[in-house]
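Asks: Working from the sequences, and respecting the hints, build out all of it.
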Amino acid sequence: MLWNIFLYELRYWFKQPATYIFGAIFLILGMSVMAISGDILGEMNIIDSRKIFANSSFRLISYYYDLNLLILFVIPVFVGGSIYRDYSSNAFMVLYSYPILKLDYFFAKFLSGLSISLLILSLIGIGLFLGSLLPGLNPLIIVDNTITNYLQPYLLVVFPNLIFVSMIVFSIVILSRNSYSGFIVILLIYVLRRVILFVLGGPENELMINLFDPFGQASVFAAVGNWSFQEINSSTIHLSSIHFFNRIIWIGVSIIFFLFAYQKFHLTQQLDSFKFKLKAIKTPKSQEVDNTSFVRTSLSEVASSYSLLNQLLATWKISNYEFASIIRSKSFLSLLIGSSVFMILILGQVNPQYTFRIHPLTQVMLLIPALFYSFVVMIITFLYAGILVHRDRRSMMDQLVDVSPIPNWSLLGSKLITLLKIQVLLLSIIMIVGISIQTLKAYYHFELTLYLFHIYVILFVTLAIWAMLSLFIQTFVNNHFLGLFFLIMFAIGLSGLDGVGIKLDIFKFNSAPIIEYSDLSGYGDTLAPYFIHKLYWGLFGFLLLIGTYLFWERGISQSFKIRLQIARDRITIKLALVGSILLIGIISTGTFISKKVYPPKSLMSIEVLNQYKAEAEHRYATLKNIVQPRLSKVMMEMHLFPKERSYTSNGTLFFVNKSTFSIDTLLVNYPSELAISYSLNREVAIIIKDSILHFDINILENTLFPDDTLKLSFEAFTPSSTPFRNNSEVSSNGTFLLADLPLLGYPDFEFSNHGNRNSYDLPHQDNSIIQPTDINASQNSYVGKNIDLFDFETIVSTSSEEIALAPGKLITQWNTADRNYYQYKSQSKIRNGIVFNSGVFDVSKDSLNGISLEIYHHKTHIFNIDRMMRALKATLKYSAAHFGDYPFEQMRIIEFPKTYGRFAQSFANTIPFSELAGFTSKEDDSENRFDDVFRLTAHEMAHQWWGHQIIPAEALGSRMLTESLSEYTAMKVFEQEYGIDKRQLYLELIRKNYLNQRRGVENESPLSLVEPNDGYIHYAKGLMVFNSLNQYLGDETFNKALKSFFHEFSTTKAPYPTSLDLINTFKKVTPDSLHYLLVDMFEEVTLYDNSIIKAEAVNRENNSFDVKINFNISKFRDMEISNPLPLNDWIEIAIFGEYDILIHSKKYLISTLENELTIPVMQKPFKVLIDPYSLLIEENISDNEYRF
Amino acid sequence: MSQLIIKNLSKKYPNGILAMSGIDLKIGTGMFGLLGPNGAGKSTLMRTLATLQSPDSGTIFFDGIDILNDPMSLRKVLGYLPQEFGVYPKESAFNLLNYFAVLKGIRSKNDRIKLVQEVLEITNLYDVKNNFVSDYSGGMRQRFGIAQLLLNNPKLIIVDEPTAGLDPSERKRFLNVLRDVSTKSTIIFSTHIVDDVKELCNNMAILDNGKVLLIGTPKFLTDSLKNNIWTRSIKSESLDQFVNDYRVLSSTFNVDDSLDIRVFSEDNLTSPFSHNSPRLEDVYFLALNSKHTLSNRD
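Residue numbers (our numbering), protein chains in the order written: chain A, 42 to 1229; chain B, 34 to 331.
Calculated directly from the structure, the hints in this document are not laboratory data. Fair warning: there could be bad hints in the mix.
[Said to hold, decoys possible] Taking lysine-lysine pairs in the DSBU-like style, the calculated list, with each CA pair at most 35 Å apart, reads:
{"#": "1", "chain 1": "A", "residue 1": "LYS549", "chain 2": "A", "residue 2": "LYS654"}
{"#": "2", "chain 1": "B", "residue 1": "LYS162", "chain 2": "A", "residue 2": "LYS371"}
{"#": "3", "chain 1": "A", "residue 1": "LYS1033", "chain 2": "A", "residue 2": "LYS1187"}
{"#": "4", "chain 1": "A", "residue 1": "LYS602", "chain 2": "B", "residue 2": "LYS45"}
{"#": "5", "chain 1": "A", "residue 1": "LYS358", "chain 2": "B", "residue 2": "LYS142"}
{"#": "6", "chain 1": "B", "residue 1": "LYS109", "chain 2": "A", "residue 2": "LYS602"}
{"#": "7", "chain 1": "A", "residue 1": "LYS870", "chain 2": "A", "residue 2": "LYS684"}
{"#": "8", "chain 1": "A", "residue 1": "LYS963", "chain 2": "A", "residue 2": "LYS886"}
{"#": "9", "chain 1": "A", "residue 1": "LYS358", "chain 2": "B", "residue 2": "LYS45"}
{"#": "10", "chain 1": "A", "residue 1": "LYS1033", "chain 2": "A", "residue 2": "LYS1094"}
{"#": "11", "chain 1": "B", "residue 1": "LYS162", "chain 2": "A", "residue 2": "LYS358"}
{"#": "12", "chain 1": "A", "residue 1": "LYS870", "chain 2": "A", "residue 2": "LYS918"}
{"#": "13", "chain 1": "B", "residue 1": "LYS45", "chain 2": "A", "residue 2": "LYS56"}
Replies: This is the structure in structure tokens:
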């Protein structure tokens, strides 16, 4: 019987056009995904070292996750549909009276739905496969197909997820007899997944996430995390045990649902709850038949009104009815509860694992949930648009409604209003939960207007436009499920448009530039571009509404041809007029956007410009190493206009010929964005004015002799910014601006990218940055050519509300013409990087040893001022004691809006700090957390020595002298303040960061040759290396070496030190037995793989023990794990007693791979560890420990 | 005096079925019965009158309203009860009627409540007004259908096979309600049950294969068969024989397994045939069985 019903069901589905339409959708989807990933459009810039084949096992699995929501939404259509259609057609009344067994019916229905879904979804794989055979794909990223790679995703991902979700959807539909509940339960699982990832997320919890990700996305890729690009490309992903357990867990959960539903399900005509209600209806006495006497009642005369006003009112009232019935439904209620729980967990930041936490500012409450939650509300909009459009027809009330004298626009309008009300309700959760969380956390600075504006204007506008589109698609397609699918494909497809070369927001439905809010500068320059785009898409949305009106179905269902005819008949002159006005509006806003919002088109195409640069490289070849006078003094004025977001500046730059040659040619570079003019104090003839590369070649009439000074005077200004476009870096509040000066030297335009050099036949450049061994290396510092440290003096002005700041001591300040003026002069020479800040600030001041410490911050951002101040003082003390003096009389930390980024940076006596980087992060000193603001402030402060006094040469390895040493210094200061345990907490985080980020890198540079952008090396590995060296050499020896390096190499002019100079300094203090460390750590990329094979503790008399350890030590160079190096290494071995008390720790000289050691101890040992403080770099340290 | 004038109405479905073929009708105030077997084109005609679908050709006017070109004007005075209908689940009659009142343009809340109460009283649903309509029995649901169509005090009421599936007492009650509201409006009532028409309608037409076979008052039509209806009892085996020899309109079994047949004959028949007075049923079956005779008769 089961088999018969099963076959009957399959036959039914094979007769349905929907089956074929869905099949075709997925086939085409699969093909297009592969075609686009295979670069059929030729849009991709493929970097050899980081390419992943489009048809590798890894990518093939990823595609299914990209399409996950679409895949899952098949389930309610077919699995839910198989049971629902018996209810909707009332067939169940007949069916259930047949002699069918519950078991047969239940499982036949389920299995047939499952089979048909699997069949449809298998077309994705076939589509992907066919796609990979298309001509025109890029052979660099398409390799020979392996069939197992196409089957694997089904075994690992699609089929398990299908079973898991199907069982839940089937159970819910069978219990609720509502086909929509299937979609809603999937949405809830989606939200649940986000909550699980968030609550369990964090560096410590990979295992939990792998186990509890409902869709197994984390666990299926669990192994991939350690893979290099080659491995990702060549390996097939196999079933891992963690993935297996994950699948077991979730399929187990779904089986519970399934069994529950089976238990509750009966082959009877009424649901249990339903029956109860029927009993409750008492047929009143008056209902008894009464043929004779009949009270004739005539209807009172009541005015009906069909005026426009009444129809508008009716539209509103109808939407009230619809809205009321939706919010009473169980499915909507569960969405509401699901969303609220999501919001509470996310906004409450309940995850204790995350290292970065933030105070519950209003902007944070609005920022955290916005993206994901807007997506969820959008999908809910798609779903409910279908429910509303098809509601009358589904409940068979359409004929009653359609004969009533209500115009189509009113029906359509009421559906739109209902959708908008749903959105408003769902959005309100953000505000309700946000304010509750703020109250709970005792943060009482509620910014109600910000909440209201952000939620009900900014977020709502976008969703409202989606509502218009969804009504149109649902009406036009006229099939709820297909409509929903088209909408989701449309929304997901939008994010793929970038990949096919459509990048402008005016070509991507409902797109707009990202909106950002800062407590300092508000929405700043992001608001107007956002709204002009929304106006554009809103007008488009109204056009869609006209389309919806034209295709609105009234009366009996018609063929598409007739609907088209009806639509044509519905076009009236008035409607055509409105449509044309909308169209004109769209075109003119679009034109306005492309002219006034998007950056002006450059006159030259990229190809022409590249060609020009290639030729210029030949033309100016002789100038490449030209000797130029060097910048030695800057006197300038900077006038900031926060309201206009513009500035003017002028000044004089002093250049001195510090060479032994006479100079007769001057290359003056000037910034391209500025309107700038300059003059020299000597007679020159301009022989070349290159307006494309922005530099002039001047010939001096009288040569500049050694030690002669050249004065360059300049004037520059930026045009006022418009609300739609920024023309300068000036912000309305919180400006963070780097001076852009005309400078001397060969301009920096040459291609560094291999591809470009090859295609323009330019000679191969080994590296765009020179080696530290190069004889010219020490001539220029890492902050620019022909610039030494210089004297600095400035006058800076700003609006009367703001404070303006620049490096140097404040000499005087005044106010004229309603503007604030400040004069700063630096007592010491400063390194290049002239920073100007301006904003409405509160100031916190302190001082140490006559050095004024100042923190300029937004008035409510007071959370971490104390931590910052402590860090400044501690670093100042530590560095002055261990390295050298602080060269200025003041130190200023200045807050800037997050629109500039989330970072802090050190300039001469100035540290601009992002509002998100330190001012609003939530620090606490509980056991597993550390004070990151303190650490970051100490790091930036340490740059005043490492980067501002030790100024490395522009060569590979330069950041080892700035970032690595600042990290080291910050760690030492941090350790003094918070102790060794907290230091280890930070080091462990750094260790993981380094190991995570080096994965997938092919040729890792050694620390001494680190490139400027390889942060994982110069921050993370650099810190680990200096920490290890410190431990091996001893703190005193190590710091003494640093001090001598500082004194020998701190400088204000060339020659500048390189990483090799520091290594040489260390060589002098390192005993021969440890010299291998310097090679391993600085000059090579070295890793260990150590492990304890076994250990035993033999009890001797009077409670003393012999600890016998067998362990392996293996050292190897990067990528050569199978080729261990010969050893003569000192390895620390530690033994701990009860309560983790250290009872033995010593470094042993190890010279063989396999070792055995017996250590006598005087207490009962509990565990033994190799390299207990992770001084060596090692992937897997879990086997370094043995517990007795 | 309202008048519905239907001229030359035709409709052919894409599957080839000719649902209406040149229908001409004039219908005045009162109850008009549209009698025809299943598939005769009754529902197509009713839906076309109710502005839910368009014919291929023809015109319909009601009180000067061109229904086909100005459906909205008709909807203001139209009440329609479709053959099958549903309602939103889990909504009470009171709420739903209120909703329909809004759709029908009744602006003031007080008016709506008053009107909803009145139609609930007329249809005898007042006591169950707070129950979900989706839980109503068939008869209650049909009366709810009448209640909703009364809300705009319609001048033209169209009810499509409303008594199908009702038990006798519910059917009776339903017809009473319908009769009660019929005095002021034009009501078109389609059915395949002859008794419905007999009991209610002051005018009627018989429809089959998309064509009007017969128009008249039930009484006139019945009287027109005076002296032509004969009846006798036969053995059930010989029915085929009689059907061949006579125009048998209907037959009913007796308890002893014999058959009573009714036969149309303009000539006198001899015993054991005996005269019988004509019934409306006879008119209906005669019309369906022998269209040519009827067309002669017109």
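Asks: Indicate, hint by hint, whether the structure satisfies it.
Replies: Status of each hint after checking the structure:
1. LYS549/A to LYS654/A: Holds - the C-alpha atoms of LYS654/A and LYS549/A are around 33 Å apart, at most 35 Å.
2. LYS162/B to LYS371/A: Within the cut-off at roughly 23 Å; holds.
3. LYS1033/A to LYS1187/A: OK: LYS1033/A and LYS1187/A at ~25 Å, within 35 Å.
4. LYS602/A to LYS45/B: Between LYS602/A and LYS45/B the Cα gap is close to 16 Å, so the pair holds against 35 Å.
5. LYS358/A to LYS142/B: Holds, at about 11 Å.
6. LYS109/B to LYS602/A: Holds - the C-alpha atoms of LYS602/A and LYS109/B are around 29 Å apart, at most 35 Å.
7. LYS870/A to LYS684/A: The given pair, whose Cα atoms are some 33 Å apart, holds under the 35 Å limit.
8. LYS963/A to LYS886/A: Holds, because 22 Å separates the two Cα atoms, which is no more than 35 Å.
9. LYS358/A to LYS45/B: It is violated: about 39 Å lies between the C-alpha atoms, which goes past 35 Å.
10. LYS1033/A to LYS1094/A: Outside the cut-off at roughly 38 Å; violated.
11. LYS162/B to LYS358/A: Status holds; Cα separation ~21 Å.
12. LYS870/A to LYS918/A: Holds, at about 22 Å.
13. LYS45/B to LYS56/A: 26 Å, holds
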